[in-house]
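Here the structure of chain W is known, so what remains is to put chain P in place on it, guided by the hints.
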Amino acid sequence: MEFTTPPYLLKNASVQRVMLQVLAALLPGVGAYVWIFGPVIVVQLALATATALAAEAAMLKLRDKPISLFLTDGSAVVTAWLIALTFPPLSPWWLIVTGTLFAIVVAKHLYGGLGQNPFNPAMIAFAVCIVSFPALMSQWPAVGMKVDLGDQVRVVFGLLPRLDAISGATPLDTLKTALKLEDGQFSVAALLANQEVFGFFAGRGWEWVTGGYLLGGLWLWQRGIISWHAPIAFAGGLSLLAGALWLANPAQFANPLFHLFSGGAMLGAWFIVTDPVSGCTTPKGKLIFGFSAGVLAYIIRVFGGYPDGVAFAVLLLNICAPLIDHYTQPAIFGMKDKA
Amino acid sequence: MLQLFKFKGGVKPQTNKTQSLAEPIGVAPLPSRLFVPLHQSIGGTPRPLVEPGERVLKGQLIGAADGWISSAVHASTSGTVRAVAEHIAAHPSGLATLSVEIEPDGLDEWTERTPIDHGAMEPEKVRERLREAGVVGLGGAVFPTHGKLTASKTVPMEELVINGAECEPFITCDDLLMRERAEETIRGVGVFRDLLQPKRVLIGIEDNKPEAVAALQAAVTKLGERFEVIAVPTRYPAGGAKQLIRVLTGKEVPSTKRSTDLGVQCFNVATAYTAWRAVAHGEPVVSRIVTLTGNVERPRNWEALLGTPLSEFVALGAPKADTNGYLMGGPMMGFEMPAMDAPLVKATNCIIAGSPTLFPPKAPEMPCIRCGECAKVCPHELQPFELYWFARAHNFGKTQEYHIFDCIECGCCSFVCPSRIPLVQYFRFAKSEIWAREKEKNAADQAKARFEWKTARDEREKAEKAEKLAKAAAAQAAKKAAEAAAAAAAPAAEASASDTPAAAPAAGSPALDAEAAKKAAIAAAMERARAQREAAAPKNTEQLTPAQQREIADIDARRRIMETQTAFNAEIAETQRTQSDEK
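Taken in sequence, the protein lines are chains W and P.
Using the numbering used here, the first residue of the first sequence is number 114, and each one after it goes up by one.
Using the numbering used here, the first residue of the second sequence is number 148, and each one after it goes up by one.
Excised from the complex, chain W in its bound form:
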């Protein structure tokens, strides 16, 4: 027989299968994205995917690893999609290429490639770009903008000037800026009533996109690809802090529902804090990881200088993951009374 180590019977499982299911789970969110903000996001997804695969192939060649085996594992594509979905859809082409290159080359391969990266590569891409190009990373298209796909693509490739008319801040950012500028004059309730920017319970249009991510995440959980611990703990941490502040001062702080369905919260909860490589692995560890990331994300997005806090929260927790895992090892069979 070709191999001589038990078990000889194996379940039909592979890294590629896992990654393809993650990509499939992103589709509802992507669909909503296209419907609300236009098909330009597909161009960005393609751009990121092509860059990621090229960078992956080059790095594999440099590292003398089997190229086709690793190129087809799907991990680079997942990273690329997550980057594309966290960057503004009308950001210039080189921005997403830079982010993706940094994620694949530095955050992934310089640390040892698949399975070895201590930080989530997509969040590294976001953090690097928002620190380096804060203005470009903060321009989001207004919902229902009347610009056709051709013009959108031209904007992305720098053939049309970037118009302020077609882009602005995210609802989350708008809320924060308004509250800061108005210095308490404006109430959240009044702001949220503005149907230009805000929808039924979160950002207008964004509710559908984040709802799509929630749907995909639940499907991943149902398939057993992810466990419930980290997403639920993340949502819990975020909601708990948001809820407490909202109850204390509803005029100043938005409700938890708004926060859950705004910005990167849903994508983060189901697709980022669940990353097995850079996250925690023990059930208790996942709860701590998710909860802390949720709390930190809220603090950064509400009190910090950046429009959203998920990326920085996750990266900070990535550093802590090995330590959390070390202290949360579950008791094993036959030793539960001692633990």
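What the hints contain is simulated information worked out from the structure, not anything from laboratory work.
In this text, all values refer to a predicted model and were calculated from it rather than measured experimentally.
Mixed in with the good hints, there may be bad ones.
[Stated by the list, open to error] Covered by chain W, according to a simulated footprint, are these stretches of chain P (three or more residues, beta-carbon under 8 Å): (1) 511-521; (2) 557-571.
[To be verified] Some but not every residue of chain W turned toward chain P, in silico, with C-beta under 7 Å: (3) 117; (4) 121; (5) 122; (6) 128; (7) 171; (8) 172; (9) 175; (10) 389; (11) 446.
Ideal Cβ placement from N, Cα and C applies to all residues, glycine included.
For chain P alone, coordinates are given in the frame of chain W:
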């Protein structure tokens, strides 16, 4: 109905059991040659008792148990011993092991069999009978059964668990045994019950074997026993002893304890059956039921003689053309038989003919992505991926911290791993490395202890010697002083004697007197010289220059090192001897 417990983890591979269940157990024909390995159980290797050319009878003792944890080996049929030599073992290593080659004479003539009445005997005698009959755990671990039939002195025996779960895919030998030989199996359980005196007897069978459950239940009722026959959920590895104990009793036996410490003991159903045959029929274990399945035309269970070469056994099932190897055991924990002339042994519960379609080649190994699937399915609730990282890094201390020795190598982790990492192999590697290092360390520790003891003894002897010398020197000095005093007195006395006329006749002629005086003077001088020498001798070692002292210390140190080296070499030789004995 008994409340069942759950064990965490586990997997549900396709069972593939129906293929070999269509026909009843067949009796395999006599093979042309038998290769009966002497070492077929855990523990000491039995010593061969037969010579080439000797005629043996079926059931005749050919290997006597060596030590308490060891089990006897018998001729599987009557015939002539052709050789007592090394023959390839039923082991993945393909190494040879001392085996008795028997050419059957076709008569299958039994040796004298003496049934015993175990109820009327000392328990110790019953255990000895089982040891002499070669009864070992037939579930696969082949631990000598008599060694498990003594209850703990401190913990009362609560449950006797009988394992009929048979959770590995493909294997059906226990299923058919329970269906066809239920009564004798239950009687065997009765023997164990009598020896261990448990409060309850629980027989666990996976619920995919309803016929076996019904057969055993009927036998229990018929024999008027109070054993509970329980169907347990089908989930691999429910037939692992610790998992079955957990499911039936709720008790978890950690790796650091024996199950008897928790008041439980566990035996396989086939073991109970052979124990009954040994007790009630005086039959030693010379055959066992083996499932022949997989890529064969006629999958079936066979009662096959121990020592039957694989080639002759698989021919019974007519392997298909694309068969590319044979597994012994199940597909989860079994191994590939190293050669076609390797024999069936007590541990052989199943032979699976493999083919590229049945067991497709594994996809290439990918890096671990820490997805945690392995931890989800680990029945011992370990973190296999952490163990894998540590084993890869040769960080064996950490593997122990993460309980590597609780791993039962069931293969669930490898089964689900999306990166196709042969996790169990990494754990076996880590375990064997740790064992090797511990042996080395023990050897070094022993050598060190010996060295320290020897140094202490040398010092003590040295001190004693010095004390003796000091005493001798003191005595000599006293003697010398006395002698000097005597020497000073003697000439004066002699002179006065020669002057005295009265003394002259007594002393004889003056010439003779002079000669005597001369002799006395010589003797005195010699005595003085001797005294001087002796008085000077200790001074030789006491008044040395520092350089001389250093030189002597160096010589002593060199001698000590050489002595330690010799002791160490002897130690190594001894360790190697005991190691080869253990094997």
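Status of the hints after comparison with the structure:
1. Only residues whose beta carbon comes within less than 8 Å of a beta carbon in chain W count, and the segment 511-521 of chain P has 9; three or more means the coverage holds.
2. With a cut-off of 8 Å between beta carbons, the segment 557-571 of chain P has 10 residues touching chain W; three or more are needed, and the interface restraint holds.
3. Checking residue 117(W) against chain P: minimum C-beta separation of about 5 Å stays under 7 Å; hint holds.
4. The interface hint given for residue 121(W) holds, since its Cβ lies 4 Å from the closest Cβ of chain P, which is under the 7 Å cut-off.
5. At about 4 Å, the closest approach between the beta carbon of residue 122(W) and any beta carbon in chain P falls short of 7 Å, and the interface hint on this residue holds.
6. Taking 7 Å as the C-beta contact cut-off toward chain P, the hint placing residue 128(W) at the interface holds, the least distance being around 5 Å.
7. At its closest, the beta carbon of residue 171(W) sits 19 Å from a beta carbon of chain P; the interface hint therefore is violated under the 7 Å criterion.
8. For residue 172(W), the interface hint is violated, the least distance from its beta-carbon to any beta-carbon of chain P being 14 Å, above 7 Å.
9. Evaluation of the residue 175(W) hint against chain P yields a violated restraint, the C-beta minimum of about 17 Å exceeding 7 Å.
10. Interface restraint check for residue 389(W): the shortest CB-CB distance to chain P comes to about 5 Å, inside 7 Å, so the restraint holds.
11. The restraint placing residue 446(W) at the interface with chain P holds, with a minimum CB-CB distance near 4 Å, inside the 7 Å limit.
Hints 7, 8, 9 from the list above are not met by this structure, while the remaining hints are.
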